[in-house]
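**Student:** Now for the letters of each chain:
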Amino acid sequence: MNRQIADALSRIRIRKPLIHHITNLVVMNDTANLTLHLGALPIMAHAADEVAEITQAASALVLNLGTLTPAQVEAMLIAGRKANELGIPIVLDPVGAGASQLRTQAGLELLSHLRIAIVRGNSAEIGALGGVGGRVRGVESVEGVSDPIAVVQTMAQTWGSVVAITGKQDVVSDGRRVIGVNNGHSWLTTVTGTGCMATTAIAAFAAVEPDYLVAAVGGLASFGLAAERAAAEAHGPATFKVALLDQVYHLTSEQLTTGARIVVLQE
Amino acid sequence: MNRQIADALSRIRIRKPLIHHITNLVVMNDTANLTLHLGALPIMAHAADEVAEITQAASALVLNLGTLTPAQVEAMLIAGRKANELGIPIVLDPVGAGASQLRTQAGLELLSHLRIAIVRGNSAEIGALGGVGGRVRGVESVEGVSDPIAVVQTMAQTWGSVVAITGKQDVVSDGRRVIGVNNGHSWLTTVTGTGCMATTAIAAFAAVEPDYLVAAVGGLASFGLAAERAAAEAHGPATFKVALLDQVYHLTSEQLTTGARIVVLQE
Amino acid sequence: MNRQIADALSRIRIRKPLIHHITNLVVMNDTANLTLHLGALPIMAHAADEVAEITQAASALVLNLGTLTPAQVEAMLIAGRKANELGIPIVLDPVGAGASQLRTQAGLELLSHLRIAIVRGNSAEIGALGGVGGRVRGVESVEGVSDPIAVVQTMAQTWGSVVAITGKQDVVSDGRRVIGVNNGHSWLTTVTGTGCMATTAIAAFAAVEPDYLVAAVGGLASFGLAAERAAAEAHGPATFKVALLDQVYHLTSEQLTTGARIVVLQE
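Residue numbers (the numbering used here), protein chains in the order written: chain A, 1 to 267; chain B, 1 to 267; chain C, 1 to 267.
Keep in mind the hints are simulated off the structure, nothing from the lab.
In this text, all values refer to a predicted model and were calculated from it rather than measured experimentally.
C-beta atoms are modelled at their ideal positions from N, C-alpha and C, and glycine is treated no differently.
Any given hint could be a false lead.
[Unchecked claim] Here are the simulated SDA-like pairs of lysine to any residue, each with C-alpha atoms no more than 25 Å apart in a straight line:
hint, chain 1, residue 1, chain 2, residue 2
1, A, Lys82, C, Ala71
2, C, Lys16, B, Ser146
3, A, Lys16, C, Thr189
4, B, Lys16, A, Arg137
5, B, Lys16, A, Ser146
6, A, Lys16, C, Ala71
7, C, Lys82, B, Thr104
8, A, Lys16, A, Glu53
9, A, Lys168, B, Lys16
10, B, Lys168, C, Thr190
[Said to hold, decoys possible] Chain A is nowhere near these chain B residues, computed Cβ spacing over 12 Å in every case:
hint, residue
11, Gly87
12, Val132
13, Lys168
14, Gly180
15, Thr257
[Claimed, not checked] Examples of chain C residues toward chain B, derived with CB under 7 Å:
hint, residue
16, Ile14
17, Leu18
18, Met28
19, Asn33
20, Leu36
21, His37
22, Leu41
23, Asp49
24, Glu53
25, Ile54
26, Glu143
27, Trp159
28, Val242
29, His250
30, Glu254
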């Protein structure tokens, strides 16, 4: 799969796909920059009056539930229906699912009304959405699901989406195959919004790669590999974040071919 | 008091308290990161539909009036009532009080309807809220109150809160004692949101330290000491901000014990 | 004109004008910091209830259409009318004009109901607003207007505003004269919000310089020169952004006098 994701990265750089984000207020600057550094183009837009028009011009749509409001859920449904109508992949990041009814319900509502290409969350968020355990504190997973491999596979089947649980090892499934991504670095846990950034990376890959399992793996391996390369320059979490964004920009297809650490957990 | 605040910092690292922020759009990323670097967990949530539930799971609640809207004031009252009901400390940052009726009135409304543990502002903001002088330009104090020691003490008595005025010397009172904190660095005045970050640091301490005078002093001394350590690495305000966040992460209880410069201004 | 803009920069540092921003959620932190580093004071405020009061105390008003909502358009009209009443210059940044009806219509509505001092956009945004061509993808210009010199001049006459199209060469006109600014660096295209930051720099100059052609040139030359100086320290887009903000802070009137590369394109 290393060759496939490296080719997808090259396509991002050539096609510069537009990624429409309806996302949270905390990470908006970082995810817009990550989109740009990866080679794609970001647009952040959440007004119900314009989201359909913006999605129509985009190649992928990110729906991120952090700092959610009911008005945003409505905008997400409008944008999501347009995306489904046009075959534009939707990537869902259920930030804080399990932390409030609003977020859990919104996640479930989006999953039931829209065809979601990829769902990425931490272990507790996916567990809360799937009703299979896990416990969050705020937006952090404090107790994950007991068997992430089984959970991603089951939830992928239930939701008809590729599902990714990120953590020390990222676990991704399309309902049949289960892939592990071993890239990443412990500094990622010290910075807010790195999960949201991983979701954005996945969306950029989904914009150019129709096999969404490959897209999810490509986004996670790229982001994780950039983190590994950034760690050498980090003196703390803030210098790490700056180095991480720089490394996303410098990441090459060659580095991804050799550096992605992908394992097949279930054929 | 140095030993007490150093112990509190250790408790933050061990307990990882969740800090619920209803805060402004300018500083949201920086204050979420500061929370995390200090050892606590952030959650930013402002929808009226979820704030009570989020506060319920938190160990401190930050109410910050920058980029305020009437909907946010309503959410603050809902979250604040829940916090009071459960004994969760509220830290109020009246950003821009005195700059508009909306902000001044909101500050007074929160102070009259809620039991606020700690209020932190610059000299003019506290002066405007207290009706005792001071003049702001935007969110900057251009003319402080004439006698900050008397003002923090009086306002602490009036509001039944610990009150902190930050500036070259930070001055903190519980209505009886007045403490000065001499940590900090002039670079702090060149970066937006450093006042908001100081408030977040105070909230993390208030989450683990029931003596709110000690908590306010602990947050201010920690933040100021990190700023001093960051100054050596600064080539300008942006490198200073990056270094400041790194130093907050690296700050140890030992450094705080020896480095906190706390003076008793009134017994 | 180099002397004039250098003198204006000195006045910014002395007067510290307050710049009221009603702006987008992506760049709010960066533009607040840029304002501060340049020597002015920022305030971000968008609630309809307070914008008139905030504008009244300000020396310039920025209206930026990124992440627009109908409520924000209303607030912009209230603030804009107050600014016009008091002779406070308005700087309009039509982010994403052409990308949605909401943004294009809002730009035209603001231009027709308010007296706008300066409009700054990329080539496609100005083209879309002026109905003279250009094509955007999201907030990026993918196809500019064919003759920017003619377009800025025509649109300046039509709108009664100074108009600036930024790009490899920035082109500015008051409807008669056309000036080119050749400062800047290609790193600027790798970071989100650099256009918005340029607009903020222009607003700081407009707050102290009544000749708005000079103000627009001053803001663009200062920002572009800081970018040139930052490029030497950049290892990627994120280190570039940090260095850029540092360099804005360090920029002197002397450097601006010798470093601004201003050409008269039409007398």
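**Student:** So, for every hint listed, does it hold in this structure?
**Tutor:** Against the structure, the hints:
This hinted pair checks out: lysine 82 (chain A) and alanine 71 (chain C) have alpha carbons roughly 24 Å apart, not beyond 25 Å. For the hint linking lysine 16 (chain C) to serine 146 (chain B), the alpha-carbon distance of about 22 Å falls within 25 Å, and the restraint holds. Restraint check: the Cα-Cα separation between lysine 16 (chain A) and threonine 189 (chain C) comes to about 13 Å, which is no more than 25 Å; the hinted pair holds. Proposed proximity of lysine 16 (chain B) and arginine 137 (chain A) is supported: the alpha carbons are some 10 Å apart, at most 25 Å.
As the CA atoms of lysine 16 (chain B) and serine 146 (chain A) are separated by approximately 22 Å, the hinted pair is consistent with the 25 Å bound. With a C-alpha separation of about 32 Å, the suggested pairing of lysine 16 (chain A) with alanine 71 (chain C) is violated against the 25 Å cut-off. In summary, the hint linking lysine 82 (chain C) to threonine 104 (chain B) is supported, as the alpha carbons are separated by about 21 Å, within the 25 Å threshold. Taking the CA atoms of lysine 16 (chain A) and glutamate 53 (chain A), the gap is near 19 Å; set against the 25 Å cutoff, the hint holds.
A C-alpha spacing of about 20 Å is found between lysine 168 (chain A) and lysine 16 (chain B), which places the hinted pair at or below 25 Å, so the restraint holds. Among the hinted pairs, lysine 168 (chain B) with threonine 190 (chain C) is inconsistent with the structure: their alpha-carbon atoms are about 38 Å apart, more than 25 Å. With a minimum CB-CB distance of about 18 Å to chain A, glycine 87 (chain B) clears the 12 Å threshold, and the non-interface call stands. Interface exclusion of valine 132 (chain B) from chain A stands, the closest Cβ pair being 34 Å apart, more than 12 Å.
With a closest Cβ-Cβ approach of about 25 Å to chain A, lysine 168 (chain B) is found to remain outside the 12 Å limit, as its non-interface label requires. Remark: the non-interface label on glycine 180 (chain B) is consistent with the geometry, its nearest Cβ contact in chain A lying 29 Å away (cut-off 12 Å). At roughly 21 Å, the least C-beta separation between threonine 257 (chain B) and chain A is larger than 12 Å, which holds for a residue marked as non-interface. Using the Cβ-Cβ criterion of 7 Å, the hint placing isoleucine 14 (chain C) at the interface with chain B is not satisfied: the shortest such distance is roughly 14 Å.
The closest approach between the C-beta of leucine 18 (chain C) and any C-beta of chain B is roughly 5 Å, which is under the 7 Å cut-off, so the hint is satisfied. A hinted interface residue such as methionine 28 (chain C) counts as satisfied when its beta carbon comes closer than 7 Å to some beta carbon of chain B; here the least separation is about 5 Å, so the hint holds. Checking asparagine 33 (chain C) against chain B: minimum C-beta separation of about 5 Å stays under 7 Å; hint holds. This hint holds: leucine 36 (chain C) has a C-beta 6 Å from the nearest C-beta of chain B, less than the 7 Å allowed.
Using the Cβ-Cβ criterion of 7 Å, the hint placing histidine 37 (chain C) at the interface with chain B is satisfied: the shortest such distance is roughly 6 Å. Proximity of leucine 41 (chain C) to chain B holds as hinted, the smallest CB-CB distance being about 5 Å (cut-off 7 Å). The interface hint given for aspartate 49 (chain C) holds, since its Cβ lies 5 Å from the closest Cβ of chain B, which is under the 7 Å cut-off. Interface hint at glutamate 53 (chain C): satisfied, since its Cβ lies 5 Å from the closest Cβ of chain B, which is below the 7 Å cut-off.
Contact between isoleucine 54 (chain C) and chain B, as hinted, is supported at the beta carbon level, the nearest pair being about 6 Å apart and thus within 7 Å. Checking glutamate 143 (chain C) against chain B by beta carbon gives a least distance of about 32 Å; that is not within 7 Å, so the hint is violated. A least Cβ separation of about 28 Å between tryptophan 159 (chain C) and chain B goes past the 7 Å threshold, and the interface hint is therefore violated. Checking valine 242 (chain C) against chain B by beta carbon gives a least distance of about 4 Å; that is within 7 Å, so the hint holds.
Satisfaction of the interface hint for histidine 250 (chain C) is found here, the shortest Cβ-Cβ separation to chain B being roughly 6 Å, below the 7 Å cut-off. This hint is violated: glutamate 254 (chain C) has a C-beta 17 Å from the nearest C-beta of chain B, more than the 7 Å allowed.
Comparing the model with each earlier hint shows violations of hints 6, 10, 16, 26, 27, 30; every other hint is respected.
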